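Undergrad: So the sequence lines, in the order shown, correspond to chains A and B. Just so you know, numbering that gives the first Met the number 0 puts 88 at position 89 of the first sequence, and the rest follows in order with no gaps. Just so you know, numbering that gives the first Met the number 0 puts 174 at position 175 of the second sequence, and the rest follows in order with no gaps.
No lab work stands behind these hints: they were computed from the structure. Treat the numbers as computed from the prediction; the structure is a model and nothing was measured. For glycine and all other residues, C-beta sits at the position ideal for the given N, C-alpha and C. Do not rely on the hints blindly, as some may be mistaken.
Subject to a maximum C-alpha distance of 25 Å in a straight line, what follows is the list of computed SDA-like cross-link-like pairs (lysine to any residue) [said to hold, decoys possible]:
1. B:K134 with B:N153
2. B:K268 with A:K30
3. A:K27 with B:E433
4. A:K30 with B:E433
5. A:K61 with B:N295
6. B:K425 with B:K274
7. B:K283 with A:K27
8. B:K516 with B:S352
9. B:K274 with A:S75
10. A:K8 with B:E435
Partial list, computed: chain B residues near chain A (C-beta under 10 Å) [said to hold, decoys possible]:
11. A233
12. F234
13. L265
14. K268
15. H270
16. I272
17. R305
18. S387
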Amino acid sequence: MMQCTSQQKIVYIFPDAMAPDIQKDYEKQCKKGYILYQINCAKCHTKNINGKNIIPDFTIEKISAYEIRVANALHSDSLTEERITAEELGIISTFFTYKARNSSKDSLKLLNKK
Amino acid sequence: MKIKLYTIIIILFSFIILFAFKSKETNSYKSLYNQNIENFNLAQEKLLTEIKAGNLNDKKDIVKIRQALNEARTKMKFLDFWLRYLEPNTYKKINGPLPVEWETEVFEKYEKPYRRVGCGLTLAELYLEEDVIEKDTLIQFIANSINATKNYTNDTITKELYNYHHFYLCNRLFLLNLAAIYTTGFECPDTSKIIPELEAMMKSNKQIYFYFNQTFESQALPNSYISLYDSALAFVKSQSKNYSTFNHFTFIQQYINPLYAINRQLILKHHVISKNLIDYSLNKNAETIFDKTLYNGQNAKGLYIRVNDSVQLSEIVTLGKLLFYDPILSANNKRSCASCHFPSQYFTDTSNSTAFQFDNSNRLSRNTPSLINVQYNHLIMLDGEHISLQNQTHSVITNPIEMASNQEEVLKKVLDCKDYKVMLKKLLTFTPQESEITLTHITSAITLYYSKFSNYYSPFDQAINQKTVLSHDELKGFNLFMSKAQCATCHFVPHFNGVKPPYIGSEFEVLGTPKDKAYKNLSEDKGRYNINPAYETENAFRTGSLRNIAFTQPYMHNGVFSNLTEVLDFYNTGGGAGHGLNVPNQTLSSDSLGLKPIEIKQIIAFLNTLTEEIPFESAPKKLPINKNKQFNIRKVGGEY
Numbered sequence: 000m001m002q003c004t005s006q007q008k009i010v011y012i013f014p015d016a017m018a019p020d021i022q023k024d025y026e027k028q029c030k031k032g033y034i035l036y037q038i039n040c041a042k043c044h045t046k047n048i049n050g051k052n053i054i055p056d057f058t059i060e061k062i063s064a065y066e067i068r069v070a071n072a073l074h075s076d077s078l079t080e081e082r083i084t085a086e087e088l089g090i091i092s093t094f095f096t097y098k099a100r101n102s103s104k105d106s107l108k109l110l111n112k113k
Numbered sequence: 000m001k002i003k004l005y006t007i008i009i010i011l012f013s014f015i016i017l018f019a020f021k022s023k024e025t026n027s028y029k030s031l032y033n034q035n036i037e038n039f040n041l042a043q044e045k046l047l048t049e050i051k052a053g054n055l056n057d058k059k060d061i062v063k064i065r066q067a068l069n070e071a072r073t074k075m076k077f078l079d080f081w082l083r084y085l086e087p088n089t090y091k092k093i094n095g096p097l098p099v100e101w102e103t104e105v106f107e108k109y110e111k112p113y114r115r116v117g118c119g120l121t122l123a124e125l126y127l128e129e130d131v132i133e134k135d136t137l138i139q140f141i142a143n144s145i146n147a148t149k150n151y152t153n154d155t156i157t158k159e160l161y162n163y164h165h166f167y168l169c170n171r172l173f174l175l176n177l178a179a180i181y182t183t184g185f186e187c188p189d190t191s192k193i194i195p196e197l198e199a200m201m202k203s204n205k206q207i208y209f210y211f212n213q214t215f216e217s218q219a220l221p222n223s224y225i226s227l228y229d230s231a232l233a234f235v236k237s238q239s240k241n242y243s244t245f246n247h248f249t250f251i252q253q254y255i256n257p258l259y260a261i262n263r264q265l266i267l268k269h270h271v272i273s274k275n276l277i278d279y280s281l282n283k284n285a286e287t288i289f290d291k292t293l294y295n296g297q298n299a300k301g302l303y304i305r306v307n308d309s310v311q312l313s314e315i316v317t318l319g320k321l322l323f324y325d326p327i328l329s330a331n332n333k334r335s336c337a338s339c340h341f342p343s344q345y346f347t348d349t350s351n352s353t354a355f356q357f358d359n360s361n362r363l364s365r366n367t368p369s370l371i372n373v374q375y376n377h378l379i380m381l382d383g384e385h386i387s388l389q390n391q392t393h394s395v396i397t398n399p400i401e402m403a404s405n406q407e408e409v410l411k412k413v414l415d416c417k418d419y420k421v422m423l424k425k426l427l428t429f430t431p432q433e434s435e436i437t438l439t440h441i442t443s444a445i446t447l448y449y450s451k452f453s454n455y456y457s458p459f460d461q462a463i464n465q466k467t468v469l470s471h472d473e474l475k476g477f478n479l480f481m482s483k484a485q486c487a488t489c490h491f492v493p494h495f496n497g498v499k500p501p502y503i504g505s506e507f508e509v510l511g512t513p514k515d516k517a518y519k520n521l522s523e524d525k526g527r528y529n530i531n532p533a534y535e536t537e538n539a540f541r542t543g544s545l546r547n548i549a550f551t552q553p554y555m556h557n558g559v560f561s562n563l564t565e566v567l568d569f570y571n572t573g574g575g576a577g578h579g580l581n582v583p584n585q586t587l588s589s590d591s592l593g594l595k596p597i598e599i600k601q602i603i604a605f606l607n608t609l610t611e612e613i614p615f616e617s618a619p620k621k622l623p624i625n626k627n628k629q630f631n632i633r634k635v636g637g638e639y
């Protein structure tokens, strides 16, 4: 496993088999995905627990499917085609694919090392 | 002991009564749905029996089958309101307009198109017209439809019927279809039945409204809606049963469009929520069907999607305009977008069938299309090669036979112009997710610039929104367009392009467009086949918008026709196949339309009312200065 951290100490975990330059590309995408998440999703999904902002662990299937736009009432009002593109939803799913899980030991371990 | 038994019986009894009563009270709307499904199933079973028992070589039996088919169609129409909305894919098995369809809907744009086989009543009816009828094929059409109908009794679908949300969305789709397809024969091969079927369907929908209002009292349709709907029905009754003399214009103008406006207000008032992908593109804020924002085709803003401030938007447009005219985007600094898409000519090129390639001697294979209203397509280019306007812009800049540049070169040349650099740095702040200026900042500014000319309306729009009137010939022309001339079975209201309700996909059709006016050869351009090779897609092209058509000649993908009379002659004689070309997969009917010269004039008069009142702008006086002097001899708009 490779680690890297970015804004707000987000830890991304890439598979070892992924070539370093590809990892770099993905990390760039993840950072973009993080900002897009902050702009479009955080106000409803980031929870503040004991002063720490916790970003949920969404699984990719839930986001990359276009169904996300109409998944619930709030989404059908705020995730319209005029607000966010399908491509951007894809970048957000990349972010969630490589973001370390909140509960996972990996992420804690990596954070502690820092 | 006895008393105990009695009490149990009494309790049980009262429960039964309570239940019976309750289900009648609260689910009358749902009972109607169930009842209609059952009736439809019975009619289909009867049809199947007739087919199985019948001798397909015996005229009498064919008549019987047709009768049973009609009966089933009528029963289906009583359900259309729900079926089409609640499960659109299954609906195609019941009433598929095409035997094979290649789907590319917006939410699947990133995936490969996939093949969907249609079945059901319309196809069975068309099949009965063929010379040789195989019993098994006919049975298959109906058996599949019966199976598909069963899906509609699944809990996943029927649970929707317990709340009011789906109703207003079903109704929205119903109204859109009333405007765009129910009166045109799009799914009704026997044209003598179009208006009678319309009347029957509108009448049976009154029942749906009645039971809905009874069941959902607090969200009931108001009297204003019901009484206007009654007038619409009375209008249909008063009209000719012949769809070619039916007044399509008044029907939409006086009834359907105003009903749509009321329904839309109710959607907002009751906070109607959609959970259906079918609503993906439709916009709740469009007040009428002829509002340009009715549905969202393309994201013209690109990277700047979330910019809504008018000052910021105009900054983006200012940059986009300069870039549109700037040949610095091409390898030799001699070509700009405006070299082919002349902004003074509705962003098309009216003097050339096809433009020069980058080498300035060979020709491109396609006519330069207008950029006005291009944002109302789901797929871009006549073969649907691109899924977004920004991809298209990127591609033309880097295409070796068009502008022949590349990403690095363009970025460097543009950023070496001080004015551009300042503007782009500002625009970068509008896109926090981007860490540096990219080619997409450039392409998005260009798409926003030319798309702003798509926000205008035509005399036709004014008239259908009851703000002006059209002449007798113009109205006749529209009514013919919607009926006998068959145009509206492909060019749908409101954009008169290939995007039909619920406006989530672009359609491709095979017309047999010739290579030359003498119809010696079929155009060599394979169209959609280049992107998605299949029997059905060979020589298929995207159905374009007819807005501003009076000013966008020459016509068709190869610019083969120089005026609308030639185009109408093409259609009137059955397209390529009708003119004797070999086009086995033509989707346009190869029969003559039988349009008289006066009718052709009237259709053209109608098409002329689609010219939008667009405030065109003059070209920029000069372009930003580049660090490198040799680039500063470039001309505004390019040289060829």
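Undergrad: Does each hint fit the structure? Answer for all of them.
TA: Hints, one by one, checked against the model:
1. B:K134 with B:N153: Distance ~30 Å between B:K134 and B:N153 Cα, so the pair is violated.
2. B:K268 with A:K30: violated, 40 Å
3. A:K27 with B:E433: holds, 10 Å
4. A:K30 with B:E433: holds, 9 Å
5. A:K61 with B:N295: holds, 24 Å
6. B:K425 with B:K274: violated, 38 Å
7. B:K283 with A:K27: violated, 36 Å
8. B:K516 with B:S352: Distance ~12 Å between B:K516 and B:S352 Cα, so the pair holds.
9. B:K274 with A:S75: It holds: about 8 Å lies between the C-alpha atoms, which stays within 25 Å.
10. A:K8 with B:E435: holds, 22 Å
11. A233: violated, 36 Å
12. F234: violated, 35 Å
13. L265: At 17 Å from the nearest chain A Cβ, B:L265 fails the 10 Å test, so the hint is violated.
14. K268: violated, 15 Å
15. H270: With a minimum Cβ separation of about 8 Å from chain A (threshold 10 Å), the hint on B:H270 holds.
16. I272: With a closest approach of 5 Å, the B:I272 hint holds.
17. R305: holds, 7 Å
18. S387: This interface hint holds because 8 Å falls under the 10 Å limit.
Comparing the model with each earlier hint shows violations of hints 1, 2, 6, 7, 11, 12, 13 and 14; every other hint is respected.
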